[in-house]
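Quick one: dock chain against chain with the hints and give me the complex.
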Amino acid sequence: MLKVQNIRKVFNEGTVNEKIALDNLSLELKPGDFVTVIGGNGAGKSTLMNAVSGAYPVDEGKILIDGVDVTHLPEYKRAKYIGRVFQDPMMGTAATMQIEENMALAARRGKFRSLLPGITKKERAYYKEQLATLELGLENRMTAKVGLLSGGQRQALTLLMAVLKKPKLLLLDEHTAALDPKTAAKVLETTQKIVEKNNLTTLMITHNMKDAIAFGNRLIMMNNGHIVVDVSGDEKKNLTVKQLLDMFSAASGSDEADDKLLLS
Amino acid sequence: MTGFLNALPGAISQGLIWGIMALGLYITFKVLELSDLTVDGSLCTGGAVCVMMMVNGANVWLAMLVATLAGAATGAVTGFFHTKCKIPAILSGILTQFGLWSVNLAIMDMNPTVRVDAEKFGALVSSNFVNEVKKGRMAFYKHPIFVVALLIIALIAVMYWFFGTEKGASIRATGTNAHMARAQGINTDANKMVGLMLSNGLVALAGALLCQYNGFTEIAMGRGAIVIGLAAIVIGDVLFAKLFRNFALKLAAVAIGAVVYQVVVQFVVSVLDINTNYMKLFTALIIAVFLTIPNFQGKIFKKSRKERSHA
Chain A
1 MLKVQNIRKV FNEGTVNEKI ALDNLSLELK PGDFVTVIGG NGAGKSTLMN AVSGAYPVDE
61 GKILIDGVDV THLPEYKRAK YIGRVFQDPM MGTAATMQIE ENMALAARRG KFRSLLPGIT
121 KKERAYYKEQ LATLELGLEN RMTAKVGLLS GGQRQALTLL MAVLKKPKLL LLDEHTAALD
181 PKTAAKVLET TQKIVEKNNL TTLMITHNMK DAIAFGNRLI MMNNGHIVVD VSGDEKKNLT
241 VKQLLDMFSA ASGSDEADDK LLLS
Chain B
265 MTGFLNALPG AISQGLIWGI MALGLYITFK VLELSDLTVD GSLCTGGAVC VMMMVNGANV
325 WLAMLVATLA GAATGAVTGF FHTKCKIPAI LSGILTQFGL WSVNLAIMDM NPTVRVDAEK
385 FGALVSSNFV NEVKKGRMAF YKHPIFVVAL LIIALIAVMY WFFGTEKGAS IRATGTNAHM
445 ARAQGINTDA NKMVGLMLSN GLVALAGALL CQYNGFTEIA MGRGAIVIGL AAIVIGDVLF
505 AKLFRNFALK LAAVAIGAVV YQVVVQFVVS VLDINTNYMK LFTALIIAVF LTIPNFQGKI
565 FKKSRKERSH A
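Residue numbers (this note's numbering), protein chains in the order written: chain A, 1 to 264; chain B, 265 to 575.
With the rest of the complex left out, here is chain B (with noise of 0.2 Å):
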């Protein structure tokens, strides 16, 4: 059990990087209602970048910045496959991130993995600084749950403003009734082409500070994000779903369910002792019991149900 509380901070940090790539998540597959795959190659495009620009001597935001952008390229080329070629979203993202595996060995300059000293190449958050503050060697501010939660306010602010423009309530419409969204003189497929690149500039971001917190970047780290971006966003619903009305307190709650998410595995790993092997069946299991609530809930409860399909 003290292994569990020791390893608390850097679950919850952990928890909140991986909440940045839920918000991206949460632009598509809630938003527009789009199952966009890509984000298992944007998220190591972004990492890549990252720790690319990093190593060789950029600013740690300027590296940050530029993958954002390069996660907003990727999301463009599915954006691309999806509206101009009229392929299917879910084909779109698929053959976007097993290009993208190609893309990212060759920004790694074909290494596998790619270290990046956090001291020396000035990160902004890092497994290290967990420790670091609480022996009192470093400030408060510097603690990666009190960096990347200030940040995630900041994205969310920013989200809700955007969600709330003309540009913004447009895309909301397209994704809620495409039909609509078109009579009404909206470009549904620039849109959507918006909205992919916006998901995935977030998810390259959550990418960036992941290789940071970690000290390394590889080119599998991808594998598998989309379920964990998936996993935050369930639990955040079924958590929250009847006390926040609010789209910023929806933002919130994807990022708690984040959060949420890996301080479960954290449990799981260190005081159920379980091999680490089976996590990813754990987290398969995880997702379907979530997703399966609802619908339990609804039986139960008739009414609530039906409220529920109205809202």
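Just chain A, with the same shape it has in the complex (with noise of 0.2 Å):
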């Protein structure tokens, strides 16, 4: 379904803080895989969402999706393809517009935008059917300002926005790192069972070791824009925190694991 050939990202190239951020990395997702992606700070974890979702170029490589080559589109045209959860609460919705409104913006996804109503009464119904599935209690909230919601609330909703119209495949950039331990839980949750109920492929980044290894079909596990674990299956499904702490090590070449990672 997403296909990742040999790209490479350097930002600051030619100066002193020239950061490879990808180094000729490949990848590939069959439909229905979900993903999950670790590594440390500076691992080009979320470079690689970004060269995928197209917020910025990528210097060298392809990508593909469902075997179209979107290397060179836009951000914008490339959405028809992709849903996307971010790290920042704020950043998936769209404040001051209310909550309906939100999910008509995202009903339409890849579609021309026309003079027809922005909205209208059938969606409605539809739309409060799929916000009672959060159980959140948005359903009977459906003109309030999206501002209004909480952190975790939003997630949810952008997670519901993101698979409105089924996209080919899903990006999660640590969707859940800004939320307390009990919202992410539950946030978790729900992707979980989205995910499952529309067999999306999908790539989760996370900074929670268990979580990686608890959710998706496999895992992977990225230092200095390389992808140095791979695991699928049984493999994955066995795996301890304490395992992956040490494969870090070894694929990373030192004896200490990130901090970051340790603290998971």
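None of the hints are false.
Away from chain B, derived, C-beta distances all over 12 Å, residues of chain A:
{"#": "1", "residue": "GLN5"}
{"#": "2", "residue": "ALA125"}
{"#": "3", "residue": "GLU189"}
{"#": "4", "residue": "THR190"}
{"#": "5", "residue": "GLU235"}
{"#": "6", "residue": "THR240"}
Distance ranges between label pairs, derived from CB positions:
{"#": "7", "chain 1": "A", "residue 1": "GLU196", "chain 2": "B", "residue 2": "ILE417", "range": "48 to 58 Å"}
{"#": "8", "chain 1": "A", "residue 1": "ALA125", "chain 2": "B", "residue 2": "ALA512", "range": "22 to 32 Å"}
{"#": "9", "chain 1": "B", "residue 1": "ARG487", "chain 2": "A", "residue 2": "LYS111", "range": "38 to 48 Å"}
{"#": "10", "chain 1": "A", "residue 1": "ASP59", "chain 2": "B", "residue 2": "GLY363", "range": "33 to 43 Å"}
{"#": "11", "chain 1": "A", "residue 1": "GLY147", "chain 2": "B", "residue 2": "ALA512", "range": "12 to 22 Å"}
{"#": "12", "chain 1": "A", "residue 1": "MET90", "chain 2": "B", "residue 2": "LEU507", "range": "27 to 37 Å"}
{"#": "13", "chain 1": "A", "residue 1": "LEU116", "chain 2": "B", "residue 2": "ASN559", "range": "39 to 49 Å"}
{"#": "14", "chain 1": "B", "residue 1": "LYS350", "chain 2": "A", "residue 2": "ASN198", "range": "36 to 46 Å"}
{"#": "15", "chain 1": "B", "residue 1": "ASN559", "chain 2": "A", "residue 2": "ASN140", "range": "31 to 41 Å"}
{"#": "16", "chain 1": "A", "residue 1": "LEU116", "chain 2": "B", "residue 2": "ILE417", "range": "22 to 32 Å"}
Hint data in this document are derived by calculation from the structure and do not stem from the laboratory. This structure is a prediction, so every number in the text was calculated from the model and none was measured. Glycine included, every Cβ here is placed at the ideal spot set by N, Cα and C.
What follows is the structure, encoded as structure tokens:
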């Protein structure tokens, strides 16, 4: 479903601050794959997400989604194929617009926006139904401004919006990192439910090693712009955090695992 | 005081015309959250095109339509600078406005002022009509207040409809959160372009009406227009923020804000008898005060401020 071929992305090329964020990286996701991505700070996880979503162009390589070469498509055109949830809960929704208006915007992803009404009665009923599945009571606050919602509610809504029009690829960029543990667990649970129900091909970055093991059918670990660990199937299912840390130390060639990983 | 009361219908008429300009400004400043300074130039473009067409025998409605389109074109130039050349919005507007001085002068056949006789060329509004109606020599529905108010109601209705459409909603999303908009497949650059064109189209329409009302167009008429438009938006917001939640009512508040501003100016000039030279200083101070009030209120009533920031 997603094919990333030898992509390379360098920031501040030719300066003392030069940083090779993605170094000749390749990755292929089969339809229905749910891949969790872990790695220390600066490993290139977010850069990979941004390269796939088109937030910025890659220097070399190719990106294909369901056979379509999207390497040179601008971000808004790629959105036709991609559903996204960001780390910052403020980023995925329009705060000054109503819940139902946000959903109506998301439902038209990849379609031409005409001078027909931005939202119809029939849609409202459907959105109400969909919101009810989140079990947050948002279905009774359809005309409330999204800015009034909590971070967890906004992430859940963003998630729902990302799949309202079924995407070929779902990108989750540490979408629970800014939430408190209880809310994070709830949003992850919702994520799991939505991914399974729609059989979505998913790429999820997380800082939490337990989550990385518990969710999805495949786990990749990044370091210095490379994929250093790639496990799937039973091997992944039976992983422990300890093993993962050892793998990281071995792959990165350092005795100490990244602080951030240890904390998880 | 009687002088002020006599001048009131004229001040309200002008206020309503500036209200159309402020509605245009609202699209860039409030909906798209872009600082567009093109308006100081496009206001004059609208006036120049309208007057030149009228004195050359064109129908007043046709002249106003072409003036509006010319204004939209100036917005497109700013949009091009901003979205294609990646020049910051505020600088893009300044560049267009600066260049428009020459263009506007060329439209006006290199004359810094061009007169247009309201009666002779069939103007829609004119300061003369205010007196004519008062003396009973003209039907009430020709009064500028009546004509422009009707026009504003129609414009607000169209804007209310447009920003509720798929395209309009995507423009609002572009202004609120461009990240989210792009993630939802919205071409944010194209939307900024559309917003700038609509905005400057309305500003030029206001310019066309203002020239008819004054009976002439002059090259410097747009100078400081942005400040007057901003004053209208700010005054309307401060006076009606708590009362008007609906989008159409918010637009109405902008138009009312423009009228309030003109009435206050009239009051200062005719009652307080202040030298008109100090009007610009006075205006700057008024806007500063109105921009300060919401923050000041917030300090006294902490709770209401919290509610405001979430609204």
